[in-house]
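Asker: Residues per chain are reported as follows:
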Amino acid sequence: MNKKYIIVALILLLAISFAVAKSRKITCSGSTTVLPIAQATAEAYMDKHPDVNISIRGGGSGVGIAALQNGSADIANSSRVMKAKEVSQAKSKGINPTPYAVALDGIAIVVHKSNSVANLSIAQIRDIYNGKIKNWSEVGGPKLPIVVISRDVASGTFEVFNEKALGGSKVVSSAQLLASNNAVASTVGSTPGGIGYIGLGYLTEEIKTVKVNSITPNTKTVQDGSYPLARKLYMYTNGKAKGDLGSYIAFIQSDAGQKIVVEQGFIALK
Amino acid sequence: MKKLLLATLVGLFLLPALLGALELKISGEMWNRWTLEQGKVFADTSLTAYKKEITKNFFSLERGYVGMEAKFSQSMKGRFTVDIFSSDILKDGAGLKLKYAYLDFSNLIPIPDLTTTVGLQKVYFGSIYDWSYNLIGKAPTDEYKYANSADYGISLNGYLPGGWGEYQLGIYNGEGYKNYGSNLKDNIDPAFLANLRIVPTAGLTIGGSVMTNGSERKLKLADATENSSYNTQLLADGILRAAFGPLDIWAEYLYKDISYAPNFSAKDYSATCFSVFPTLKLKSLIGADIDLQGRYDRSDETRMPDSKKKNLLNAWTGGLNFNFMADDSGSPALQAQLNYVRKDYDEDASGTDYANGKKDTDTVMLQLKWRFASTIY
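Chains as they are written, first to last, in my numbering: chain A, 1 to 270; chain B, 1001 to 1377.
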């Protein structure tokens, strides 16, 4: 008799456990650039689907990809394409990383609003970040030492900037390495000689955007690819997104979702 | 000794900053373990009969890894890891051992996703280099003395496009990281390594490693006679991993061929080991971050010429990991591990050193492991 009770109790415990595990929860982790898109679209999606709970964390693209690999996130937000090493590591753990483009972005080169410099070439940006150009007067600006502000290596924004602007060359050792787009925007805004790079969604009144190769980052130049620092922003899932996950990503890619993307300062996919 | 340890640690930690690293990360992990082992001991002074008895019952700090990673440029980074361990053999009751100390160069050879690693580094043989200690025991390669987990050398580490896998080519001392300075034998034969892992589809990994090595100094001694201990080794490994849903199973086959000089070829032998280690992750099933672990090893050294030492071991492990905390990437930061290990030497196939089950053991280990990682600047 006692055995029967124990068996029934165990079955009930298992059933409850499965029910808890199957609750409609989506976890996102990763890029701080994609973060505002994920937050705003999640809020809008949850308004329409109150039974779905979407939790979102930052940490950087590298952290999000590792979380997807370890099964602790359903979505890895990434401002760059996954590397061969990351894809290989994920696949060997049974995770099949599948990318969904959710927005377009341009990496804006920003300076203090008092800085008179309006345009920089890719070569000048590289020389500034390499430490070869040390003063704004060398690029037509005021006599003011340049304060180089960059991002930490977990950042996908850094990886794209490193590839497209620096060509893999070394950032000057005196550069300040900051952990988020907000931190870069805030520091450049309070540093007269500062230069930094951030996603378009993080532009504020306190900072000034400079043209790159005489091209302004805007909807047209990012969508047609003429802006040199244009990129796609991604959400990676394990295999094809299905169920609530698929529904949420489809919402972001829909007209309603892309409207939110634009409201957040980014550029729609089309 | 204490001053030397302190000076070494401080020096190692200051070095990257002095060299102007762009980024500096510190990480570490500590393994606090309780071990309870039952084995056989002589029953009386006649030294003929045996009885079962508790032979080990102690707490220990098995590992105290502290590591630092310094990024000097976008294409060069360095890493070192020291192992601080408790030991009653040393005067101060503690020791310091360098486990890794290497530089990674990602632009020396213009092949995408290829890194050249120079220094004291991982040995990319079998499962030893990505053994994450989900079980308390060592990787089969390490446990059964096929290859060392780290060694001094140069390796090329690459990833295949599209996430199809990875490959490594390496040249090492072949003596292992525990041998250094005057303790390093004057073995003039370096070890050569090739390793390949293919991931044809998500969840399925097929891999293999080959390593050649010379051991025990050189063939000709100073007086031109042949060294009877000198031998050459051929090591091979095959791996199959299947990770689907909550189940992750590894199977590994190891082969070792030891050849002596012609005058001593009677000592030649080969050995094999087959291991399988499954993990069932319960988190997706019950919500709690608990993993069930299993392992079976069959180590066959029955072809050893020494009839006393030849042996056939069957070892079973059952375990449970409870992950209390995880970091942002989902890796366990605080983990409790419980393992039961039974080692059973086959009476018929093993030599007299293993007769009467006198080397059979039952071991329970409970381990609390904690890790940390932080970017300093």
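Derived from the structure by calculation, the hints contain no laboratory data. All of these numbers come straight from a predicted model, not from anything done at the bench. Don't take each hint at face value.
[To be verified] To spell it out: a stretch of chain B is covered by chain A in this simulated footprint if at least three of its residues, at any positions, have a beta carbon under 8 Å from a beta carbon of chain A; those stretches are:
1. 1153-1163
2. 1325-1334
[Claimed, not checked] Reference listing, derived: stretches of chain B covered by chain A, where coverage requires no fewer than 3 residues with Cβ under 8 Å from a Cβ of chain A:
3. 1218-1229
4. 1279-1286
5. 1308-1316
Backbone N, C-alpha and C define an ideal beta-carbon position, used for all residues, glycine too.
Asker: Can you take a look at whether the segment 1308-1316 of chain B is actually covered by chain A? Rule is 3+ residues, C-beta closer than 8 Å.
Answerer: As far as the segment 1308-1316 of chain B goes, the hint is violated, because 0 residues have Cβ atoms under 8 Å from chain A.
Asker: Is the listed coverage of the segment 1218-1229 of chain B by chain A valid when you require three or more residues with a beta carbon under 8 Å from a beta carbon of that chain?
Answerer: violated (count 0)
Asker: Establish whether the coverage given for the segment 1325-1334 of chain B by chain A is satisfied; the threshold is a Cβ-Cβ distance below 8 Å, and no fewer than three residues must meet it.
Answerer: holds (count 5)
Asker: Do three or more residues from the segment 1153-1163 of chain B put their C-beta atoms closer than 8 Å to C-beta atoms of chain A?
Answerer: holds (count 5)
Asker: Given as covered by chain A, does the segment 1279-1286 of chain B meet the bar of three residues or more with CB within less than 8 Å?
Answerer: holds (count 5)
Comparing the model with each numbered hint stated earlier shows that hints 3, 5 do not hold.
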